[in-house]
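Turn these sequences into a full structure, and let the hints guide you.
Quick mapping for you: the protein sequence lines, in order, are chains A and B. Whatever position you read off the first sequence (first residue = 1), add 23 for the working numbering. Whatever position you read off the second sequence (first residue = 1), add 194 for the working numbering.
Careful, some of the hints might be misleading.
Stated by the list, open to error - Below are the DSSO-like pairs computed for lysine-lysine, each with C-alpha atoms no more than 30 angstroms apart in a straight line:
(1) Lys198(B) <-> Lys139(A)
(2) Lys302(B) <-> Lys207(B)
(3) Lys423(A) <-> Lys330(B)
(4) Lys254(B) <-> Lys413(A)
(5) Lys321(B) <-> Lys254(B)
(6) Lys302(B) <-> Lys411(A)
(7) Lys302(B) <-> Lys330(B)
(8) Lys423(A) <-> Lys302(B)
As the list claims (entries may be wrong) - Quick partial rundown of chain B residues pointing at chain A, CB under 10 angstroms, derived from the structure:
(9) Ile197
(10) Gln199
(11) Leu204
(12) Lys207
(13) Arg210
(14) Ala231
(15) Arg257
(16) Gln261
(17) Gln262
(18) Asp282
(19) Arg286
(20) Glu292
(21) Cys296
(22) Arg308
Keep in mind the hints are simulated off the structure, nothing from the lab. C-beta atoms are modelled at their ideal positions from N, C-alpha and C, and glycine is treated no differently.
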Amino acid sequence: MSRDEMSDLQGKRLHKLVELVYHNVPFYREKMQEAGLTPDDIREIGDIGKLPFTTKQDLRDNYPTGLQAAGQSEIVRIHASSGTTGNPTVVGYTRRDLEIWSESAARAFTAYGVTKNDIFSVGYGYGLFTGGLGAHYGVEYVGATVIPTSTGNTDKHLRLLRDLKVTGIACTPSYALYLAEAMEKNGMTRDDISLKIGAFGAEPWTENMRHEIESRLGLQAYNLYGLSEIIGPGVSYECECKNGSHISEDHFYPEIIDPDTLEPLPYGTVGELVFTTLTKTGMPLLRYRTRDLCSLTDGKCGCGRTNVRMTRIIGRCDDMLIIRGINVFPSQVESVILEMPEFEPVYLMVVDRIDCLDTLQVQVEVRRDYFSDELGEMLRLRRRLADKLKSVLSISADVKLMEPGSISRSEGKSVRVIDRRQLT
Amino acid sequence: MTIKQLSVFLENKSGRLNEVLGILGQADIRIIAATVADTSEYGILRLITSDTAKAYEVLKANRVSAQQSDVVALTCNSTAAEFAEQMDYFTREGLSVEYMYCFSTGEKAFLILRTSDNAMVDAIARKYGLDIITEKELLSV
Numbered sequence: 024m025s026r027d028e029m030s031d032l033q034g035k036r037l038h039k040l041v042e043l044v045y046h047n048v049p050f051y052r053e054k055m056q057e058a059g060l061t062p063d064d065i066r067e068i069g070d071i072g073k074l075p076f077t078t079k080q081d082l083r084d085n086y087p088t089g090l091q092a093a094g095q096s097e098i099v100r101i102h103a104s105s106g107t108t109g110n111p112t113v114v115g116y117t118r119r120d121l122e123i124w125s126e127s128a129a130r131a132f133t134a135y136g137v138t139k140n141d142i143f144s145v146g147y148g149y150g151l152f153t154g155g156l157g158a159h160y161g162v163e164y165v166g167a168t169v170i171p172t173s174t175g176n177t178d179k180h181l182r183l184l185r186d187l188k189v190t191g192i193a194c195t196p197s198y199a200l201y202l203a204e205a206m207e208k209n210g211m212t213r214d215d216i217s218l219k220i221g222a223f224g225a226e227p228w229t230e231n232m233r234h235e236i237e238s239r240l241g242l243q244a245y246n247l248y249g250l251s252e253i254i255g256p257g258v259s260y261e262c263e264c265k266n267g268s269h270i271s272e273d274h275f276y277p278e279i280i281d282p283d284t285l286e287p288l289p290y291g292t293v294g295e296l297v298f299t300t301l302t303k304t305g306m307p308l309l310r311y312r313t314r315d316l317c318s319l320t321d322g323k324c325g326c327g328r329t330n331v332r333m334t335r336i337i338g339r340c341d342d343m344l345i346i347r348g349i350n351v352f353p354s355q356v357e358s359v360i361l362e363m364p365e366f367e368p369v370y371l372m373v374v375d376r377i378d379c380l381d382t383l384q385v386q387v388e389v390r391r392d393y394f395s396d397e398l399g400e401m402l403r404l405r406r407r408l409a410d411k412l413k414s415v416l417s418i419s420a421d422v423k424l425m426e427p428g429s430i431s432r433s434e435g436k437s438v439r440v441i442d443r444r445q446l447t
Numbered sequence: 195m196t197i198k199q200l201s202v203f204l205e206n207k208s209g210r211l212n213e214v215l216g217i218l219g220q221a222d223i224r225i226i227a228a229t230v231a232d233t234s235e236y237g238i239l240r241l242i243t244s245d246t247a248k249a250y251e252v253l254k255a256n257r258v259s260a261q262q263s264d265v266v267a268l269t270c271n272s273t274a275a276e277f278a279e280q281m282d283y284f285t286r287e288g289l290s291v292e293y294m295y296c297f298s299t300g301e302k303a304f305l306i307l308r309t310s311d312n313a314m315v316d317a318i319a320r321k322y323g324l325d326i327i328t329e330k331e332l333l334s335v
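Printed below as a string of structure tokens:
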């Protein structure tokens, strides 16, 4: 498709989208009225700059279904991601949305060279997290065999890879390295397995990690990008050129903005990635600010695809951490600690990558009055905090109890996070 | 009959025990018995001192996490057989010992016991003629 044809299609879809949200989502109607806009003011894709942004906070403020454009009877699936203040982000999908999602994910797997002759293991978590089911539907759409391995049980995973001669795997890049490690520990080599294709995403990774995964598992490793607010895995994907991820821009319109001034930035400039869901009907979003930093290019790709590509995510413009594929905000940890009178209102999160797996330690100070002479009592306190953190963060954290005053307090911006992961 | 014990939260870092002992030393506190229970990340220092109330105050003033608790002190001959006998009475009466430490002055041994029910310790002591000692007696050892 030529760039002009694409812009034309995007413009038509954007107009339809704006009509949909104007009439069905009070939040957007009010924002547009404040800006003096009616759906008729949005005629072509170039008009997108007139529209309001949507932030994660807007999603939280409209919890649980305030941004939904479709009625409950039209919603056939709900996914949710962990929330910072206890409110998770809930995303409802219509049947049409699931089709769009499956097709977008299928485009990714097709770009990696997956065919119906492949056997694919999906090692993303299944459940509220979009990783597992998103990849699952994409692989199935292509016609390949899906093994819904999910996370955990690495030994069984390795066994299935070997015995079923599995040719493809979708998981986080850190889990791929962990698998390689476990394989080597079990005395297996890459020659014992038949993997050719790996679809990796849900957390930042680097060229070095790509080379390591490729050489240790004997496969071609491709990036798979997505976010649950937009749809899930399949928003963008690498092709055989491994030179940026192609965005399914007929469904998800990308922009790059300056996160401070909110001004659009030209292609080639690094800024905050913003998406508009052109075709979604369940919970469509206008100009959703992802907080991910990258740049875009519409330069010709060696694979022949003409859609816009995004570079690797080079960072975040907020304090979000991605740990084992899960979004974690320091404010989530803070809210848990502030709720428990046993702890001083300070904490330190130490993130590391040990044996290829992300680890999170949360250090807290036990208030003097709550210190107990009994180890059992202290262990129970530790357990209680660990359980609360797990339910809020969706990942387990190792809790370390400290004496009051032992976590350093600084006068300016205090250090709440130490990230020791070496992503080089 | 109980005696006061001081428990101190010790972070697992080099020199922390010295710091705490130094604070007590400055205040002329005598240590009768001490033990450290440890987990991988922190320890609990348990002390019988010459003046628990004062020790508690100086630690608090120095921002050290400490707590006072009631324990029972027993004395018996310092042989394994006698230790076993003493413990046997508690087992027989169904009282569990949360922790125990002891020190010896040659023939005599002194056991510091923490149980869930100090009144029951008194009853068991009366029943079996165990030698419970007072704080005053312990300090003059």
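Verification of the hints:
no.: 1; hint: Lys198(B) <-> Lys139(A); in the structure: 75 angstroms, violated
no.: 2; hint: Lys302(B) <-> Lys207(B); in the structure: 35 angstroms, violated
no.: 3; hint: Lys423(A) <-> Lys330(B); in the structure: 39 angstroms, violated
no.: 4; hint: Lys254(B) <-> Lys413(A); in the structure: 33 angstroms, violated
no.: 5; hint: Lys321(B) <-> Lys254(B); in the structure: 40 angstroms, violated
no.: 6; hint: Lys302(B) <-> Lys411(A); in the structure: 49 angstroms, violated
no.: 7; hint: Lys302(B) <-> Lys330(B); in the structure: 17 angstroms, holds
no.: 8; hint: Lys423(A) <-> Lys302(B); in the structure: 41 angstroms, violated
no.: 9; hint: Ile197; in the structure: 14 angstroms, violated
no.: 10; hint: Gln199; in the structure: 8 angstroms, holds
no.: 11; hint: Leu204; in the structure: 8 angstroms, holds
no.: 12; hint: Lys207; in the structure: 8 angstroms, holds
no.: 13; hint: Arg210; in the structure: 8 angstroms, holds
no.: 14; hint: Ala231; in the structure: 6 angstroms, holds
no.: 15; hint: Arg257; in the structure: 6 angstroms, holds
no.: 16; hint: Gln261; in the structure: 5 angstroms, holds
no.: 17; hint: Gln262; in the structure: 9 angstroms, holds
no.: 18; hint: Asp282; in the structure: 24 angstroms, violated
no.: 19; hint: Arg286; in the structure: 24 angstroms, violated
no.: 20; hint: Glu292; in the structure: 7 angstroms, holds
no.: 21; hint: Cys296; in the structure: 18 angstroms, violated
no.: 22; hint: Arg308; in the structure: 8 angstroms, holds
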